[in-house]
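Chains as they are written, first to last, in our numbering: chain A, -1 to 261; chain B, 11 to 805.
Treat the hints with care, since some could be wrong.
Claimed, not checked - From the derived model, a few chain B residues whose C-beta atoms are all more than 10 Å from chain A:
{"hint": "1", "residue": "S415"}
{"hint": "2", "residue": "D641"}
{"hint": "3", "residue": "L709"}
As the list claims (entries may be wrong) - Just some of the chain A residues that point at chain B, by a computed CB distance under 8 Å:
{"hint": "4", "residue": "M(-1)"}
{"hint": "5", "residue": "A2"}
{"hint": "6", "residue": "P3"}
{"hint": "7", "residue": "F4"}
{"hint": "8", "residue": "R95"}
{"hint": "9", "residue": "T149"}
{"hint": "10", "residue": "F181"}
{"hint": "11", "residue": "R183"}
{"hint": "12", "residue": "K184"}
{"hint": "13", "residue": "P185"}
{"hint": "14", "residue": "E187"}
{"hint": "15", "residue": "F188"}
{"hint": "16", "residue": "V240"}
{"hint": "17", "residue": "P243"}
{"hint": "18", "residue": "A247"}
Read the hints as simulated data drawn from the structure, not as lab findings.
From the three backbone atoms N, C-alpha and C, an ideal C-beta is built for every residue, glycine too.
Listed below, chain by chain, are the residues.
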Amino acid sequence: MKPAPFDYARPADWSAALALLAAGARPVAGGQSLGPMLNLRVATPEKLADLRHLPGYAGVTQQGGTIRIGAGTTHAAIEDGAVPGRLGAILAGVARRIAYRPVRNRGTIGGSLAHADPAADWVAVLPCFRGEAVVLGPAGERRVKLERFVTGMLATALSPEELLLAVELPALPEAARWGHWKFCRKPGEFSKATACVLAVPGEAPRAVLAALDAPPFVVADASALCAAPEAEAARLVAALDVADPWRAAIARTALRRAAEAAS
Amino acid sequence: MTTASDRPSASEGVNRPHSHASKTGKGVGASLRRKEDARFLHGRGRYVGDIAVPGMLEVAFLRSPVAHARLLGVTKPAGAQDRVFLAADLPEIAPIRAVSALPGFRVSEQTALATGKVRHVGEAIAACLASSRAEAEDLAAACEPEFEVLPAISDMLTARAPGVPLIHEHWAENVFLETRREEDLSDLDAVAAAKVTRVLRTSRQSMAPIEGRGVLAEWDTRLEQLVVTTASQQPHVSKTGIAEALGLDEGQVRVIAPDVGGGFGYKAILLPEELVCCALAMRLQRPVRWLEDRLEQLTANANCREHHYIVTAWADREGRLLGCDVDATVDSGAYSSYPFSACLEAAQIGSIFPGPYILPRFRYHTLSACTNKPPILPYRGVARPGVCYAMETTLDALARQLGLSAEAIRAVNLVPKEAMPYRNLVGKHFDSGDYKEALRRAVALVDVPKVRARQAKGECVGVGLASFCEQGAHGTSVYHGWGMPMVPGFEQAQARFTPDGVLELRVGLHSHGQGLETTLAQVAHEILGVDPARVRLVHGDTALTPYSTGTWGSRAMVMAGGAVAEACRQLGERALTIGAALLQAERGEVELAGGTVRRRGGAGIALEEIARTWYRRPQNLPADVDRGGLDVTAGYRPDPDTGTHSYACHAVVARVDVETGAVTLEDYVVVEDGGVLVNPMIVDGQVLGGTAQGIGTALYEEMPYDAQGQPLAGTLADYLLPGATEVPDIRLDHMETPSPWTRFGQKGIGESGAIGPAGAILNAINDALAPLGAEVFDLPATPARVLAAIEAARR
Chain A
-1 MKPAPFDYAR
9 PADWSAALAL
19 LAAGARPVAG
29 GQSLGPMLNL
39 RVATPEKLAD
49 LRHLPGYAGV
59 TQQGGTIRIG
69 AGTTHAAIED
79 GAVPGRLGAI
89 LAGVARRIAY
99 RPVRNRGTIG
109 GSLAHADPAA
119 DWVAVLPCFR
129 GEAVVLGPAG
139 ERRVKLERFV
149 TGMLATALSP
159 EELLLAVELP
169 ALPEAARWGH
179 WKFCRKPGEF
189 SKATACVLAV
199 PGEAPRAVLA
209 ALDAPPFVVA
219 DASALCAAPE
229 AEAARLVAAL
239 DVADPWRAAI
249 ARTALRRAAE
259 AAS
Chain B
11 MTTASDRPSA
21 SEGVNRPHSH
31 ASKTGKGVGA
41 SLRRKEDARF
51 LHGRGRYVGD
61 IAVPGMLEVA
71 FLRSPVAHAR
81 LLGVTKPAGA
91 QDRVFLAADL
101 PEIAPIRAVS
111 ALPGFRVSEQ
121 TALATGKVRH
131 VGEAIAACLA
141 SSRAEAEDLA
151 AACEPEFEVL
161 PAISDMLTAR
171 APGVPLIHEH
181 WAENVFLETR
191 REEDLSDLDA
201 VAAAKVTRVL
211 RTSRQSMAPI
221 EGRGVLAEWD
231 TRLEQLVVTT
241 ASQQPHVSKT
251 GIAEALGLDE
261 GQVRVIAPDV
271 GGGFGYKAIL
281 LPEELVCCAL
291 AMRLQRPVRW
301 LEDRLEQLTA
311 NANCREHHYI
321 VTAWADREGR
331 LLGCDVDATV
341 DSGAYSSYPF
351 SACLEAAQIG
361 SIFPGPYILP
371 RFRYHTLSAC
381 TNKPPILPYR
391 GVARPGVCYA
401 METTLDALAR
411 QLGLSAEAIR
421 AVNLVPKEAM
431 PYRNLVGKHF
441 DSGDYKEALR
451 RAVALVDVPK
461 VRARQAKGEC
471 VGVGLASFCE
481 QGAHGTSVYH
491 GWGMPMVPGF
501 EQAQARFTPD
511 GVLELRVGLH
521 SHGQGLETTL
531 AQVAHEILGV
541 DPARVRLVHG
551 DTALTPYSTG
561 TWGSRAMVMA
571 GGAVAEACRQ
581 LGERALTIGA
591 ALLQAERGEV
601 ELAGGTVRRR
611 GGAGIALEEI
621 ARTWYRRPQN
631 LPADVDRGGL
641 DVTAGYRPDP
651 DTGTHSYACH
661 AVVARVDVET
671 GAVTLEDYVV
681 VEDGGVLVNP
691 MIVDGQVLGG
701 TAQGIGTALY
711 EEMPYDAQGQ
721 PLAGTLADYL
731 LPGATEVPDI
741 RLDHMETPSP
751 WTRFGQKGIG
761 ESGAIGPAGA
771 ILNAINDALA
781 PLGAEVFDLP
791 ATPARVLAAI
801 EAARR
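So here's chain B without its partners, still in its complex pose (with noise of 0.2 Å):
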């Protein structure tokens, strides 16, 4: 990685709230290097398949084999009776439903086993446990399933067709939900200079975290509680989904995720895996295991992204849109997911296709078709790559019609900052911004003027664009009416001092690859001025941290960040009165400082004494002291919460092999703004990691299905994931608009660099096979596909 220019100094656009970063280079805004990276690089992270306990059970699942069936029966391994659990042995575990609100939705009931149906090939039909996985997996071996084979739905273009299995028969149709905008767009052929369609794919992909899915389940006889250990990203979401499916009170459950190898949306979701695992460690009284292999990540459970759009877009002269018009669909597979429901991906599609644009008329219709597939769960991006995808290919169709610059139709759509906060014709609220300034630093990053040198001489070479906008940190006013089983609130933290001084913050979200444990520690240095070194982040354990929706949207650092810097505030004004105490000041006459409460301009107590004080020598504290102590629970939330919009711009150079389709990216460029940045170093790593995984999005990942609904891609030889090989040097530039509605003027930015990436990609390729004729409209632009598409040309 390069950094492309120069950081913007504390300047232009920049208005960084608070001093310490540049005092003590460890606050907002400080690349601080991570606190957690030495247990990581060590090996010495603690992730569930680390943690193995006495008497522990280890369990395999049979899965089913076909995509679509009545399971007639299940015959258990001769002497293994007691050993295989069928949907039947288990009544305790009420189905997962995951609804939502919207009108029409239809609800799935997924049993954590099958029970009379199986819906998706790798469906758990029994869960098989021994006292290690080996033998658990000889055990579903030996299970003899009976079926009577239906015909699958594997193309959700054929879900509504006539004569089409129903796949839950006691729907109308194999559909979650539609949604429609209607607008009245007859009129725009006679007015517009220029139209275009496009039917545009994207693949199925499967997310794959490094660890994959993994939980111990145990009951604790003394407290009477389930004490649940797995790779969640949303510790506290996933108690509540398995306190109601088990019928337990909240209390008796306790979820610790420890150290979890990647999340992506993927450990958001409660699994049935996870409620089998529960429901056995009741029963049987002994711990109860279940690791995820890279089998079962691929084929049974991790799947997302698969959209089909059509698309017809029109613009004037100039190249300003003047209307589009959206047909989209999402393979939503065959059960809604806990908590995000399976509708989420489609009907997103329709509030987000405009972007970070200004589109004055708009038609769509979204469909959530049900297959025979895994169910969709939502992915880093959720359905933003896929629509970036469409909206930045459709408008380098425009601009190629009106003979216009990809640049030049992008700045004259761009939401001018002049504008902002803009509120567009969906109602999306863009907080700050200059997108066009983005826009406009990318394509200077990229040498535009050698590529088409190169094109002239018949160079078969392209550069491509992908403006885009992220919405991050979303709250109550946005997700109550999605009416899903989860609505963020008011953040939490707790930020308390132990009696030697250091501070300890909790959160009841969760860390993975966030860098939480020091952004936070950082976030609290700003406000108390405590050395990083000397804070500790406790979380991903509900017993010990206030309840949070978890780590998702963008969110952590908007919303944790803006606890811990309340809770911190609080914290200081108890101390200030301790302080002030000690140094028998008038409250009104001491200030925080570098660590100490002192008299302006005077002699200062360290924290660690008022600390001491508090909790040692209470007979040194004053009257009025507040009966709370150091120990502070603050909420926040942004106003308004409808989001804070984090936007890029991405600019790449492909050159295509016209023998063989192969793509080689050249040059990668990413100007992002993510407003005020907690920590720098941090926010690369974040826009570098989903850049690569919008690589493979745009050129690798692809969960083919045959007709019958089979998975063809069961091992990472036949999915193929971009590798170091594989991901440029990507360059990039950051702006620091900050955000007007956050603590620190940060905005969300976790997801950003997996969503242009496709649009940028395909956008190079299609520049570079212009002169042929040719254009690639699916995902991944496989070598093959590249190809068809020259070959159809040549045609």
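Bound-form chain A, shown alone (with noise of 0.2 Å):
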């Protein structure tokens, strides 16, 4: 389990990360998903280029009610506080269970997100929030809904000579209630479901299904989900055709527990 022969570059400033997406390259950051997949020689890249060092990849920061995530950010250091108020709270309650902390330790939220394997935590949980994906691209700068930022299997809406900069998430009320329940049999085991419900006082609340081999599934209103939440998660549920029952059973108790919590 040794990688392929591959080139490797550390791009000293955003253009230079760019100029190497342009001539081929594939980004790294944490390599807590890629990294094996090169060692099984399931990716076998030409050049990687890591992003890990150019400047402002990583860190925090808030401008009035929006609150920025650097796409490097670890999932170590949201769980450790590094996102202030409600909603940090509420990622630091996400990022703690993700594998374990070796691997917290190096992946990123923004690494997570581009990669998009629908079993992964942030996949799963970011489109709960009516928040926006930061993307740089040789035209310059542009923003995507996360709802509509994983579009299928390992697929997004990043072209392949873009980089994702960020994520933007509106800070929350400490009345915001949250719900968030998954299934692993063990740590570490990629989720088989996973749901999450947000109610923000005086809005609709959000809920997000995800982790079943398609990209994460938004209600967009789930005021009925909340009112009724065993009811209302087989409907949806059933609306979705899972094949499996036994997968289709745990994400009705995904969607029914992450419901119960929040309300």
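Build the complex: two chains, separate frames, hints provided.
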């Protein structure tokens, strides 16, 4: 299990990073997904562009009601409280349950989102927050709503020449309620169903059901789910046509338990 | 880990024959801290992967991507013809033939590299050499094998289906061996109060020692000797197998097993990869190393366990077993592995199925099916975890039908202590023990009434039991009948004083987690009084140690413990002769005490001084001194050598989430009797580690195959092992009934922990599901299987 030969570059600035991508390099951040794929020779890129040392790649800033999390921010930093306020507490709770601490020490929120494994935690959770992905490409910056960022299995709205710079999420009031439930038989196992529900006072509650080998399923107005979790979870999952009856059962359970926790 | 109750004092049932433990806290019975731990805990162990030598080449194997195919040819990468080796390039390696003398056994020939056909995914086709493993893998990736793909047999139950292809084409059918015991049980239907039939399946597992296999082969031009450093738990058997396969004298092969990161049976096997490295080292006159990676370990090599049972059992109104009819199939894979053969697992099922119970009538049929999967290898407990699972779940099914408790049905069937020693209907010879007491204690330690109260409130929680016994250290009389490449005989140990009075022990078996560097020092201390800190154990090198079949079959502490004790006893006699002369006393006036030879009740002379006299002041030796000096090799075998029987009862409280099928182990109790425990702390570790592995069997570990014979779990993200968060706080209680047949009354216990969990946990799950009318039959009890059982009961 040794990778096939590849070249490695460490761009010093963002234009160098974009130039590498334009030349066909594959971006890598924490390497917690790509590393094993390289070792198994499932991925055989000719060149890797290591983004970790780009200026401003990691770190959290707040401007008004918007919190910006640099794509290179590690799960561990989020777990340890890098994100302020109620949002930070919610994200820390999610981060704490990502694999093991050694994975969290290196893995990044942006790398996980851009890799777009449907079972990944940030893929499942971020669409719940009415936020945006900040994308840098040859034509400059653009923004993509997080619920539209992941488009399929290992597929995103990024073009091969683009990089994920950051995610921007709205700060949350202390009264925001949150439910998050995922099914893993042990830490580190890929989730077999993840659901989350966010209820911000004055707004329609939102829900996401994910980790079903498909892009996350967003319920933009989850009022019905919060009012009648069991029946509505059953209805929503039935509409998704999940082939495996056990996956359907835990998907129902995930939605229901997340809704109950948020209400 | 907590201790459920105080260890029994040296009264009831415990008869420690020596007293040093109590006097010094260092002999037999002392929980001495392990001498080897300092190097392990500081990362100073030395494994094959830590050893690199100048000029070394690394090997990567081109492995078959298909389960069954004719191998039409391999095109080597351009310019690499001399670095890629096929079977035809290495004719000096004879095929591995692990035979059994059992009648009807079909012999497979496993060539070190595929010849003509490939018979499982992962079978080695070519050895690719380079100065680094990564470059060697590049070479393997550039090879172009050509196959004519054949239909694969991936389900053992179809091995004999009409029209299936023959895996070994000169065989009549895809079967290594069938065994049977015939008995007409047709009258039992009329007399039995209960009859149940269960169809049960255990998964194919992959042993997962932290260290995989690894081998470094070098040709020593001075000694004209092949030096093989390999992760082996049976270095001498490896040496014999390598010498035979390469046509060398055994003296031309030296096997060194350095620190080994877990054995579990996997490190007992002679691997084709070892033979290839040896042949290449001789051919190229360069050191050649192969380090197994996790993908190879999971999918190509370390396979084990896969059983299928159809069990029918009859019982009377009190639950007494009237008879059992067992039809067992084991998926033996494509080849018979060396030295245990392809039939050990299935053929053993017949003889161990009765377990710790009195079974009056018994019919069995076992089948070792040949399939397009890697060879099945013996894993801790070998067939016992599957057998225990089948027997224990069947017993609970009978109990439910009769309205009896799980405890009651076991209590009426367990061999009572008054019957010991007891020979059962298939000839197993139990040495000693109070099996019912272990059951009673286990039931008392879990809170059964509380579980029943929670059930009454509608909670999906249950309690499960498993009673079993484990034959260990069984010897010549048991194994000669198998006719395998290896039969254990007298175990030898060498004990000698070095000139400074340090005691050096040499044994041919291997310690890789068992703590033998400590426990054998405790045995020596028991006999000679030498401080364990002044005892060195030499093991893991065939050039330095007496021949041994190695560490397997829960035998090390019984066999090497007995041999070290005997060698030390004889060494003590020689020291007494010298000591008496130095003390100017009669031989009959002196004794060994506290590491000295002393006149009874008088002054003593240190063993160090006696050693110094033999080696450096021989002028002071008496005329009648034993000319063998302070260096003794002694052999030992218990009499009878039919094996010790440790036994245990596992009791589990499990909760089931009926929405997801997830199982949580709330409580886990093990009551274990390993006879006299040489080091109780090490035994605790053995039981805990084995139990964790058994939890894997029960709930997590599964290597699924698709219909084309492709393994579907290639990483530890897919092949789930229990980790610290999945293993509950296991509570241990020990009984210590000495074996009457062993040197200190010790019993083999190394595999025990792994045997009970599947039965106990599945019984707890099924107890929890009983109000729903649901029952789980297949291992592991994954959430999907548990939920499917609940859904099936609802329909």
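Verification of the supplied hints:
no.	hint	in the structure
1	S415	holds (31 Å)
2	D641	holds (47 Å)
3	L709	violated (8 Å)
4	M(-1)	holds (4 Å)
5	A2	holds (7 Å)
6	P3	holds (7 Å)
7	F4	violated (11 Å)
8	R95	violated (12 Å)
9	T149	violated (24 Å)
10	F181	holds (6 Å)
11	R183	holds (6 Å)
12	K184	holds (5 Å)
13	P185	holds (6 Å)
14	E187	holds (6 Å)
15	F188	holds (7 Å)
16	V240	violated (13 Å)
17	P243	holds (7 Å)
18	A247	holds (6 Å)
Against the hints set out earlier in the document, violations occur for numbers 3, 7, 8, 9, 16.
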